[in-house]
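In the order they appear, the protein sequences are chains E and R. Per numbering that gives the first Met the number 0, the very first residue in the first sequence carries number 0; after that it's consecutive. Per numbering that gives the first Met the number 0, the very first residue in the second sequence carries number 0; after that it's consecutive.
For the record, the hints were derived by calculation from the structure and aren't laboratory data. Because the structure is a prediction, the values reported are computed rather than measured. Don't be surprised by glycine CBs; every beta carbon is placed ideally from N, CA and C. Fair warning: there could be bad hints in the mix.
25 Å max Cα-Cα, derived DSS-like pairs, lysine-lysine [stated by the list, open to error]: (1) E:LYS234 / R:LYS265; (2) R:LYS310 / R:LYS17; (3) E:LYS37 / E:LYS2; (4) E:LYS2 / R:LYS265; (5) E:LYS234 / R:LYS17; (6) R:LYS278 / E:LYS2; (7) R:LYS265 / E:LYS211.
Which residues of chain R face chain E? A few of them, derived with a C-beta cut under 7 Å, are [unchecked claim]: (8) ASN65; (9) ILE67; (10) GLU93; (11) LYS247; (12) GLU249; (13) ARG281; (14) LEU282.
Partial selection, computed: residues in chain R whose CB lies under 10 Å from chain E [what the hints assert, rightly or not]: (15) LYS60; (16) GLU64; (17) LYS171; (18) PRO256; (19) LYS278; (20) LYS287; (21) ILE291.
Each chain, letter by letter, is given below.
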Amino acid sequence: MSKKTFRESINEAIKQEMRRDENVIVLGEDVAGGAGTKGDQDAWGGPMAVTKGLAPEFGRERVIDTPITESAIIGTAAGAALTGLRPIADLMFVDFMGVCFDQIFNQAGKFRYMFGGKAVTPLTIRTMYGGGLRAASQHSQCLYPIFTHIPGLKVVIPSNPYDAKGLFVQAVRDDDPVVFFEHKMMYDDEGEVPDELYTIPFGEANFTREGKDVALISMGRTVNLCNQVADEVKKDNISCSVLDLRTLSPLDEDSILEAVDETGRVIIVDESSPRCNVATDISALISDKAFSSLKAPIKMITPPHTPVPFSPALEDLYLPSADNIKKTISNILN
Amino acid sequence: MADSIIPIVMPKWGLAMKEGSVTSWLKNEGDKINKGETFVEIETEKVVNEFESPEEGILLKKVIENDIKVPVGSLIAILGNENTDTNEIEKFVEDFQSNFTPPSDDEEDSNLEKIIQIKNIDINYLQLGENNSKNIVFVHGFGGDLNNWMFNQEELSSNFNTFSLDLPGHGKSSKNIEQGSLEYLSDIVNDFCNQNNLEKICLVGHSLGGGICLNIALANSELVESLVLVSPIGLGKEIDNYVEEFIKSESRRDLKPQLEKLYFNKELITRDLVNEVLKFKRLDGVEKALQIIKDETLIEDNNQKTFLGDKIETLKSKISIIWGENDEIIPNSHIKELPSNVETHIFKESGHMSHIEKSKEVNEIIVKSN
Numbered sequence: 000m001s002k003k004t005f006r007e008s009i010n011e012a013i014k015q016e017m018r019r020d021e022n023v024i025v026l027g028e029d030v031a032g033g034a035g036t037k038g039d040q041d042a043w044g045g046p047m048a049v050t051k052g053l054a055p056e057f058g059r060e061r062v063i064d065t066p067i068t069e070s071a072i073i074g075t076a077a078g079a080a081l082t083g084l085r086p087i088a089d090l091m092f093v094d095f096m097g098v099c100f101d102q103i104f105n106q107a108g109k110f111r112y113m114f115g116g117k118a119v120t121p122l123t124i125r126t127m128y129g130g131g132l133r134a135a136s137q138h139s140q141c142l143y144p145i146f147t148h149i150p151g152l153k154v155v156i157p158s159n160p161y162d163a164k165g166l167f168v169q170a171v172r173d174d175d176p177v178v179f180f181e182h183k184m185m186y187d188d189e190g191e192v193p194d195e196l197y198t199i200p201f202g203e204a205n206f207t208r209e210g211k212d213v214a215l216i217s218m219g220r221t222v223n224l225c226n227q228v229a230d231e232v233k234k235d236n237i238s239c240s241v242l243d244l245r246t247l248s249p250l251d252e253d254s255i256l257e258a259v260d261e262t263g264r265v266i267i268v269d270e271s272s273p274r275c276n277v278a279t280d281i282s283a284l285i286s287d288k289a290f291s292s293l294k295a296p297i298k299m300i301t302p303p304h305t306p307v308p309f310s311p312a313l314e315d316l317y318l319p320s321a322d323n324i325k326k327t328i329s330n331i332l333n
Numbered sequence: 000m001a002d003s004i005i006p007i008v009m010p011k012w013g014l015a016m017k018e019g020s021v022t023s024w025l026k027n028e029g030d031k032i033n034k035g036e037t038f039v040e041i042e043t044e045k046v047v048n049e050f051e052s053p054e055e056g057i058l059l060k061k062v063i064e065n066d067i068k069v070p071v072g073s074l075i076a077i078l079g080n081e082n083t084d085t086n087e088i089e090k091f092v093e094d095f096q097s098n099f100t101p102p103s104d105d106e107e108d109s110n111l112e113k114i115i116q117i118k119n120i121d122i123n124y125l126q127l128g129e130n131n132s133k134n135i136v137f138v139h140g141f142g143g144d145l146n147n148w149m150f151n152q153e154e155l156s157s158n159f160n161t162f163s164l165d166l167p168g169h170g171k172s173s174k175n176i177e178q179g180s181l182e183y184l185s186d187i188v189n190d191f192c193n194q195n196n197l198e199k200i201c202l203v204g205h206s207l208g209g210g211i212c213l214n215i216a217l218a219n220s221e222l223v224e225s226l227v228l229v230s231p232i233g234l235g236k237e238i239d240n241y242v243e244e245f246i247k248s249e250s251r252r253d254l255k256p257q258l259e260k261l262y263f264n265k266e267l268i269t270r271d272l273v274n275e276v277l278k279f280k281r282l283d284g285v286e287k288a289l290q291i292i293k294d295e296t297l298i299e300d301n302n303q304k305t306f307l308g309d310k311i312e313t314l315k316s317k318i319s320i321i322w323g324e325n326d327e328i329i330p331n332s333h334i335k336e337l338p339s340n341v342e343t344h345i346f347k348e349s350g351h352m353s354h355i356e357k358s359k360e361v362n363e364i365i366v367k368s369n
């Protein structure tokens with residue numbers, strides 16, 4: 000056990016799985032960098048250096064730099080998965096899903112169903128989401144609700160380094176296509192991570208704070224915002240539980256209902272755009288199955304329904320904030 | 000008369016504890032508290048326990064609110080005498096808070112844990128206390144680790160050299176084990192004592208660890224001067240299906256009711272505690288290691304596989320056996336038909352984990368047995 004960053008814990012998960020199982024391969028744009036040139040053969044290690052060090056250890060046959068064409072990356076990976084490999088494909092920014100979405104949702108996500116259950120597709124797609132990098136509207140979206148909508152895909156969204164490693168290993172070993180969401184502002188977050196391999200099963204949400212007054216339900220980066228708020232409002236004698244969903248598909252409905260039952264007041268914090276997102280979905284689930292437990296209306300904290308602004312001042316206003324969560328807490332308590 | 004101001008700070012229970020919170024106060028401000036009396040319940044990541052007052056005095060002030068996590072060493076309450084001036088208390092609290100710096104993360108206490116190689120696997124252990132005349136070795140139960148002794152080892156280390164180890168397949172010891180028989184596990188503990196040049200030890204074992212300790216003492220009375228066993232295996236046939244269910248439980252929801260069987264006070268099983276156990280269970284190799292130990296030592300046809308009860312009479316070491324009256328894993332009837340060389344203790348309001356739920360009493364028995 001030692002302190003590792005989010006970046007290091009995913010890097011370690013990939014490395015250890017590649018050592019354990021020779022069928023695991025990595026492919027994507029600049030996952031190593033420098034292919035076909037005379038320069039540094041591991042120049043990039045991915046845009047955020049998450050796959051750094053893999054090419055020197057495992058060679059170019061298993062760590063494949065691809066052309067800049069997402070449809071080829073995902074198409075190749077889906078085919079490789081169908082024929083027995085366990086590819087980890089790097090889609091880089093999730094904003095680029097548009098050019099390869101057919102391969103994801105209508106091919107990889109459907110193989111098991113279209114081939115009478117005889118085909119499995121152990122494909123892991125890594126992708127970055129979220130605002131905060133001042134990268135404007137084409138490189139800052141969340142988009143995980145779109146993947147969550149598709150039966151046949153599994154959607155994973157860790158909030159801390161420990162979960163990132165365990166969920167990643169589970170994704171690699173899973174026989175279905177998994178889309179693994181990494182928030183681009185989280186790579187330097189630190190936490191205790193075991194050196195050994197371990198897995199965290201999909202469909203088990205995690206209470207990161209215990210509380211009786213209000214339940215904050217969230218996923219990915221905003222879980223940490225909720226943790227921060229829960230710690231701060233304790234000084235005012237308000238006790239908030241925080242439920243980290245960890246995976247959006249499968250979704251741990253039981254833990255959501257448990258959180259509602261324990262508090263009667265729910266705030267869902269979701270960085271994705273507000274129409275048809277995870278917050279609306281969970282809100283509907285709660286009003287359907289736990290309406291009688293509610294002491295106050297369900298609140299959703301999301302960005303406004305606009306593209307992510309490029310202006311830093313506007314982007315800060317756009318994203319869910321601690322202040323916003325605190326105000327909502329005091330509103331539903333009064 | 001007690002001093003006018005006695006600060007009470009967040010205790011450190013076990014090496015991993017960095018912060019804790021008050022779950023409930025058993026005394027009100029103005030109540031008199033005796034030395035050694037429990038007056039507040041404290042929750043750590045691993046367990047909730049009652050905290051005993053280190054001094055006598057009146058509870059003058061509760062400094063922290065319930066359920067707020069504070070670092071180890073933080074001021075939680077003020078004791079004193081009835082004449083203490085309120086302003087003096089306020090000033091003391093203020094001074095304390097402004098001078099207090101929480102222990103930094105860099106002070107890695109877990110560095111005190113060490114790894115040694117025994118029979119080609121890594122065994123993690125913790126030594127506390129040295130240069131005392133007597134040695135105690137603690138051996139935990141199935142699915143546990145050396146942290147199970149957090150209320151015993153540190154406390155006893157002021158007068159004893161204490162060692163606790165993680166069994167093969169457990170804690171931070173190797174998970175890739177090939178065998179899990181009672182002989183193999185006993186050899187590991189025996190070799191551990193030899194490698195640390197320990198002689199005439201007191202062996203303290205819980206459940207599976209209790210069976211291991213008894214087995215070692217039967218074979219090697221030179222090494223083991225005294226034995227203290229808490230709800231050990233090997234004294235009867237009956238055992239709950241906990242072992243199988245513990246191995247099988249993959250989710251928080253499945254594991255929680257299993258862990259609740261361990262304690263009389265079910266409220267000790269918080270989500271945090273379940274998560275800690277799941278972190279261990281989800282490591283690669285753990286499930287297989289537990290399965291091997293279960294098959295080779297613990298269970299056969301839904302009963303205990305190991306029986307040592309008939310040999311206790313021949314035992315040369317001094318032996319005390321402790322049971323919780325409410326033990327749901329191994330029934331306390333196993334303590335009732337033992338030969339006369341065994342000193343027995345049954346604790347009320349205690350389950351399978353008496354060394355945690357009745358730590359003070361268990362520690363006294365360990366001290367007496369030496």
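Comparing the hints with the structure gives:
Proposed proximity of E:LYS234 and R:LYS265 is contradicted: the alpha carbons are some 28 Å apart, above 25 Å. A threshold of 25 Å between alpha carbons decides the hint, and for R:LYS310 with R:LYS17 the separation of about 44 Å lies outside it, so the pair is violated. With a C-alpha separation of about 36 Å, the suggested pair E:LYS37 and E:LYS2 falls outside the 25 Å cut-off, and the hint is violated. This hinted pair does not check out: E:LYS2 and R:LYS265 have alpha carbons roughly 32 Å apart, beyond 25 Å.
A distance of roughly 20 Å separates the Cα atoms of E:LYS234 and R:LYS17; the hinted pair therefore holds under the 25 Å criterion. For the hint linking R:LYS278 to E:LYS2, the alpha-carbon distance of about 16 Å falls within 25 Å, and the restraint holds. For the suggested pair R:LYS265 and E:LYS211, the alpha carbons sit about 19 Å apart, so the restraint of at most 25 Å is met. Proximity of R:ASN65 to chain E is violated relative to the hint, the smallest CB-CB distance being about 9 Å (cut-off 7 Å).
Restraint check, R:ILE67 versus chain E: the minimum CB separation of about 5 Å is within 7 Å; hint holds. For R:GLU93, the interface hint is violated, the least distance from its beta-carbon to any beta-carbon of chain E being 17 Å, above 7 Å. The interface hint given for R:LYS247 is broken, as the beta carbon of that residue sits about 13 Å from the closest beta carbon of chain E, more than 7 Å. For R:GLU249, the interface hint holds, the least distance from its beta-carbon to any beta-carbon of chain E being 6 Å, beneath 7 Å.
Evaluation of the R:ARG281 hint against chain E yields a held restraint, the C-beta minimum of about 5 Å falling below 7 Å. Checking R:LEU282 against chain E: minimum C-beta separation of about 5 Å stays under 7 Å; hint holds. Because the smallest distance between the Cβ of R:LYS60 and any Cβ of chain E comes to about 18 Å, over 10 Å, the interface hint for this residue is violated. Annotation: interface hint on R:GLU64 holds; nearest CB of chain E at approximately 7 Å, less than 10 Å.
Hint status for R:LYS171: holds, given a least beta-carbon distance of 8 Å to chain E, under 10 Å. Taking 10 Å as the C-beta cut-off, the interface hint given for R:PRO256 is violated, the closest approach to chain E being about 14 Å. Taken as an interface hint, R:LYS278 checks out: its beta carbon lies about 7 Å from the nearest beta carbon of chain E, inside 10 Å. A cut of 10 Å between beta carbons decides the hint on R:LYS287: the least distance to chain E is about 13 Å, and the hint is violated.
Annotation: interface hint on R:ILE291 violated; nearest CB of chain E at approximately 18 Å, more than 10 Å.
Of the hints listed earlier, those the structure fails to meet are numbers 1, 2, 3, 4, 8, 10, 11, 15, 18, 20, 21, in rising order.
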